[in-house]
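What follows is each chain in one-letter form.
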Amino acid sequence: MKKFFALALSLALALTAFAGCSSTSASASTPSAASGSTAGSAGTAASGELNLYTWEGMFPQEVLDAFTAETGIKVNYSSFDTDETMLAKLETAKGGDYDVVIADDYIIETAIAEGLVMELDKSKIANIGNVNPVYQGQFFDPEDAYTVPYGAGVQTIVYNPDLVDIEINGYEDLWDAALESSLGITSNFRVMNGMALKIAGESYNTEDVAAIEAAGAKLLELAPNIRLIKDDNLQDDLISGEISAGVMYTSQVTMACLANPDLKVVYPSEGIGFGIMAQFVPVNAPNPDAAHAFIDYILRPEVSKQCFEYIGYYCTNQAADALIEDAYQSFLTLPEDFSADNMEMIQNISAEAMEAHTKVWTEFRTACGQ
Amino acid sequence: MFVLSFQTRAEVWGVVNQFTLDNYKNIFQPVYLNTFVESFKLALTSTLLICAIGYPFGYFMAKLPAQWKKRVMLLLMIPFWTSSLIRLYGWIIIFRANGTLDKLLMGLGLTDGPLKLLYTYPAVVVGMVYALLQFMILAVYSSAEKMDWSLVEAARDLGATPLKAFLTVTLKLTLPGLLSGVILTFIPSMGLFFIADILGGNKVVLVGSLIQDQLMKAHNWPFAAALSVVLMILTSLMISLYKRVTHTTELEGIL
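First to last, the protein sequences are chains E and W.
Take the first sequence: its position 277, counting from 1, is numbered 277 in the numbering used here, and each next residue is one higher.
If you count the second sequence from 1, you need to add 370 to reach the numbering used here.
Hints are computed from structural coordinates only; laboratory data are not their basis.
Computed from a predicted model, the values in this text were never measured in an experiment.
We treat Cβ as the ideally placed atom computed from N, Cα and C, and that holds for glycine.
Just to be clear, a hint being listed does not mean it is correct.
Stated by the list, open to error - Per the computed footprint, the stretches of chain W lying under chain E, defined by three or more beta-carbons under 8 Å from a beta-carbon of chain E, are:
#1 374-385
#2 457-468
#3 485-494
#4 594-600
Can you make the complete structure from the sequences, with help from the hints?
Dropping the structure here:
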């Protein structure tokens, strides 16, 4: 038995050693492949492999398979848990190893500043015109030179009208005593502290420490209403009735609404925050041609439709809006009377302001437990 | 980590090589000090409960016939065959609104509606006790097993009441097991913040959870490092203080 165990262990060791070899040899050999194919024009010459790096579950398998069938490019999907892990890994790889990365706006701003992102060659992305202009020209890439949006999170409030006696129109209503111990929120503290900032008429991105502390004091009054703070699968608690209202990630809102169509989704009257996930090509990507071909492929309206219905984030491809099925229309596309005027993105702020935010958040969390 | 704790955070991402004590000063803000107090309180509560349940369990287990000892040992080990996270999710199913426990209590007519048991402090304590109880049982069991029971018989023959025999003989001889059980449960419970996060709905803020926040969300690595250094120093201090108070030089199985 012991012998068998030792054998199994050494086998596993040997395997991982080989895995290490193969990945280094792959990245060592790809630059030559890439330089060979740059001679071809307009992305049609792309071939070989594409290393895609993003969260788990960002593409339906059919889309990846269809892409491979059409172009002959094999897609290697690797995933990360958090934006921070991605950036750390990309730094270690010096902007190599991966061809297409999809991550959140604020981390892309940092990645661009660190010189890890390649400028896109728009001539290879024929479908670039399909992107919804609402999501373009934002802070992390003002000239749209580096990124193509892939889904947006729009901060909404979702609640179960059967369990909530009041009507919720904005963040202020969440402070109502009728919601005692029945709210669920995520632990994205910029969004949560931001609710109090919005009520006070401030910007999400204020660097005024006094304003952030005032928001913190307001937030403490919300503590008795908080039942749960959780990032993963918060929608399950709304579906099961553990909580009756929540502020959660867009994909979670979509899943909750699909499971229970009676839930109400509210665009907060105080102002709407949103975040964008975007695709970019790292500066030393082994196969940039394949990367451009992939980005272009995903921008096709019928492909985008499949993707957004799968990931449950707001559709950033306006050519795909009309194709989205009725069941998904209301939470994947912006309402017709929607005005982009009171929308604001959450951006990177000064270290001092960030510290004020974390302090406010820790105080708030502690208060929730008491 | 020690070096990192004296560095300065960069404006958005990374660290700057500049010596500072601010990270340590930061810890003395009441809100952050409070997380240490919370961690200590939770660890103490769980350890006391574990002693109360684990000691009798280990004691009586040692008195079982050999065949039953093996069976009970197997039962104690089976939960370790699955991931501790999966076992925690089992508690969620028991505690959640209209979950197993709610249904049971309502079925017995003790309560009328769902009791919002999940995401509360008691739920966290139950999770901690459950996760660490085995360590106490095994530590007590191993010293009770080795004990020479003829000493207890001798005490009884010499006229000691059962209680007195237990207090003067059995308890003294199994003390090393109990004490190492305390260490084996107290020290990990200072760090098991994911139980508080999952069963307590992130509302019980322990040091571990604060460190995670600072690392992953606030990008303040030096502060996270300073918190970790202080946590390690505090834990070692507690062990040495504990050894001095209990006059133990030798703990069963560890140290």
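Outcome of the hint check:
Only residues whose C-beta sits within less than 8 Å of a C-beta in chain E count toward coverage, and the segment 374-385 of chain W has 5 of them, enough to reach three; the restraint holds. Here the segment 457-468 of chain W counts 3 residues with a CB under 8 Å from a CB of chain E, which clears the bar of 3, and the coverage holds. Counting residues of the segment 485-494 of chain W whose CB falls under 8 Å from any CB of chain E gives 4; the rule of at least 3 is met. By the rule of at least three residues with a Cβ nearer than 8 Å to a Cβ of chain E, the coverage given for the segment 594-600 of chain W is violated, with 0 such residues.
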